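> Whole structure, please, built from the sequences with the hints as guidance.
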Amino acid sequence: MVALVNERIDREALVCCLRQDSDGAIVTFDGVTRNHSRGKAVLYLVYEAYESMALKQMYELRDQARQRWPITDMALIHRLGRLEIGESSVFVAVTSPHRRAAFEACQFGIDTLKRDVPIWKKEFYADGEAWIEGQE
Amino acid sequence: MVALVNERIDREALVCCLRQDSDGAIVTFDGVTRNHSRGKAVLYLVYEAYESMALKQMYELRDQARQRWPITDMALIHRLGRLEIGESSVFVAVTSPHRRAAFEACQFGIDTLKRDVPIWKKEFYADGEAWIEGQE
Amino acid sequence: MKITVLAFASLAEAWGRKAAVMSFEKNPLTVADVLEAVCGDRSELARYRAILLLSRNGEFAKPDTPLQDGDEVAMFPPVSGGIN
Amino acid sequence: MKITVLAFASLAEAWGRKAAVMSFEKNPLTVADVLEAVCGDRSELARYRAILLLSRNGEFAKPDTPLQDGDEVAMFPPVSGGIN
Chain L
32 MVALVNERID
42 REALVCCLRQ
52 DSDGAIVTFD
62 GVTRNHSRGK
72 AVLYLVYEAY
82 ESMALKQMYE
92 LRDQARQRWP
102 ITDMALIHRL
112 GRLEIGESSV
122 FVAVTSPHRR
132 AAFEACQFGI
142 DTLKRDVPIW
152 KKEFYADGEA
162 WIEGQE
Chain D
32 MVALVNERID
42 REALVCCLRQ
52 DSDGAIVTFD
62 GVTRNHSRGK
72 AVLYLVYEAY
82 ESMALKQMYE
92 LRDQARQRWP
102 ITDMALIHRL
112 GRLEIGESSV
122 FVAVTSPHRR
132 AAFEACQFGI
142 DTLKRDVPIW
152 KKEFYADGEA
162 WIEGQE
Chain V
29 MKITVLAFAS
39 LAEAWGRKAA
49 VMSFEKNPLT
59 VADVLEAVCG
69 DRSELARYRA
79 ILLLSRNGEF
89 AKPDTPLQDG
99 DEVAMFPPVS
109 GGIN
Chain A
29 MKITVLAFAS
39 LAEAWGRKAA
49 VMSFEKNPLT
59 VADVLEAVCG
69 DRSELARYRA
79 ILLLSRNGEF
89 AKPDTPLQDG
99 DEVAMFPPVS
109 GGIN
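From first to last, the protein sequence lines stand for chains L, D, V and A. If you want this note's numbering, it's the 1-based position in the first sequence plus 31. If you want this note's numbering, it's the 1-based position in the second sequence plus 31. If you want this note's numbering, it's the 1-based position in the third sequence plus 28. If you want this note's numbering, it's the 1-based position in the fourth sequence plus 28.
Check each hint, because a few of them may be wrong.
Just some of the chain D residues that point at chain A, by a computed CB distance under 10 Å [to be verified]: (1) Tyr81; (2) Gln95; (3) Gly165.
Simulated pairs of lysine to any residue, SDA-like, Cα-Cα distance not exceeding 20 Å [stated by the list, open to error]: (4) L:Lys145 x D:Pro128; (5) L:Lys145 x V:Ser38; (6) D:Lys145 x L:Lys145; (7) D:Lys87 x A:Asn85; (8) V:Lys30 x V:Val66; (9) L:Lys145 x V:Leu80.
Hints were generated in silico from the structure; no laboratory data involved. Nothing here was measured: the structure is a model prediction, and the numbers come from that model. Every residue, glycine too, gets a C-beta built ideally from N, C-alpha and C.
Listed below in structure tokens is the structure:
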């Protein structure tokens with residue numbers, strides 16, 4: 032499953048959908064909004080995407096992962112819009128018969144998504160706001 | 032949280048318990064019972080542990096992980112008794128401000144648990160049963 | 029030639045809009061021509077010239093990528109990246 | 029000296045029990061003495077002698093680890109390991 036969503040990401044439902052009886056390993060990464068960033072207290076965040084391009088790249092990313100590793104499937108979900116502190120902004124789940132491939136593919140998934148997929152984050156503070164861009 | 036349990040592992044509850052507002056990354060590993068093993072169809076499984084020693088080692092493992100990586104916390108849960116196909120036998124979750132440490136610590140956690148902690152698996156087939164031992 | 033131009037994040041705020049359909053007489057037309065038309069004499073966009081990313085119809089593009097009537101060109105800042 | 033002896037998994041099945049309290053006259057006593065008392069002349073346990081793991085009071089032990097009255101000694105097969 033590849034998706035951009037406006038509602039809460041339901042980890043449990045995603046993992047259940049993804050899993051098949053031949054899978055022995057599920058590795059997930061959950062990116063959660065933090066209450067501090069660069070020394071400032073963050074009140075909430077807004078994520079914006081170039082949606083059509085982001086989705087296209089996320090599908091390509093999943094296909095690349097499936098070619099490089101013997102995994103069963105990969106889910107890539109990113110939330111958009113306003114998020115409160117502690118909510119998941121991004122969730123990557125990989126199912127696989129064996130765990131090593133699942134770990135590697137999951138890390139590849141989130142690293143590539145964060146680096147390449149056109150999604151931006153704006154942080155809101157008590158005294159202002161800032162786009163977080165180009166922070167590789 | 033470090034535990035040996037006889038009931039279903041509630042991933043969602045564990046992740047929620049573990050997370051703090053300073054965490055930006057949650058990496059989880061979920062080991063799920065498979066319907067095939069070494070070419071045979073598996074009907075169900077039973078896990079047995081040397082419980083007091085296993086728990087002691089799991090606590091040590093968590094402490095080692097916290098010393099080696101800048102993580103917030105690690106949960107290590109193993110289920111014992113009879114499990115059906117598709118159920119989680121083991122769950123490792125790591126929370127951390129940043130993701131690289133979370134991935135590394137989670138992989139260390141499951142690798143070390145599987146290698147060192149005294150827990151054994153017995154597979155039940157249509158025509159018999161077998162302990163799976165020493166399969167590193 | 030009509031080109032749909034999109035901008036995102038801080039670049040959209042600096043530009044004051046997220047999308048526009050722009051008409052061009054020039055032919056052949058490239059991504060650089062669109063960039064020039066948008067950023068040309070606007071000082072608030074000047075700082076983006078060196079860092080912004082460009083796409084044509086959802087694929088990354090370069091300034092010399094040629095355009096056709098009806099194409100969608102997007103300009104955007106580097107993505108939030110991998111710190112977390 | 030009374031020693032609680034535990035066995036697990038296939039070793040418990042081969043031994044026919046999971047736990048026993050055994051008395052020893054020998055002093056000093058080592059883990060090897062307990063192993064000998066359990067496996068000594070039982071052919072069904074012989075194959076385990078080379079591979080089994082030993083512990084004393086929940087910590088891995090060696091055959092020459094000395095024992096005290098009331099200690100818990102466990103004998104067990106290698107754990108299921110890392111294939112999955």
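> Are the hints correct? Go through all of them and say.
Hints and how they fare:
no. : hint                : verdict
1   : Tyr81               : holds, 6 Å
2   : Gln95               : violated, 15 Å
3   : Gly165              : holds, 3 Å
4   : L:Lys145 x D:Pro128 : holds, 16 Å
5   : L:Lys145 x V:Ser38  : holds, 18 Å
6   : D:Lys145 x L:Lys145 : violated, 31 Å
7   : D:Lys87 x A:Asn85   : holds, 11 Å
8   : V:Lys30 x V:Val66   : holds, 14 Å
9   : L:Lys145 x V:Leu80  : holds, 17 Å
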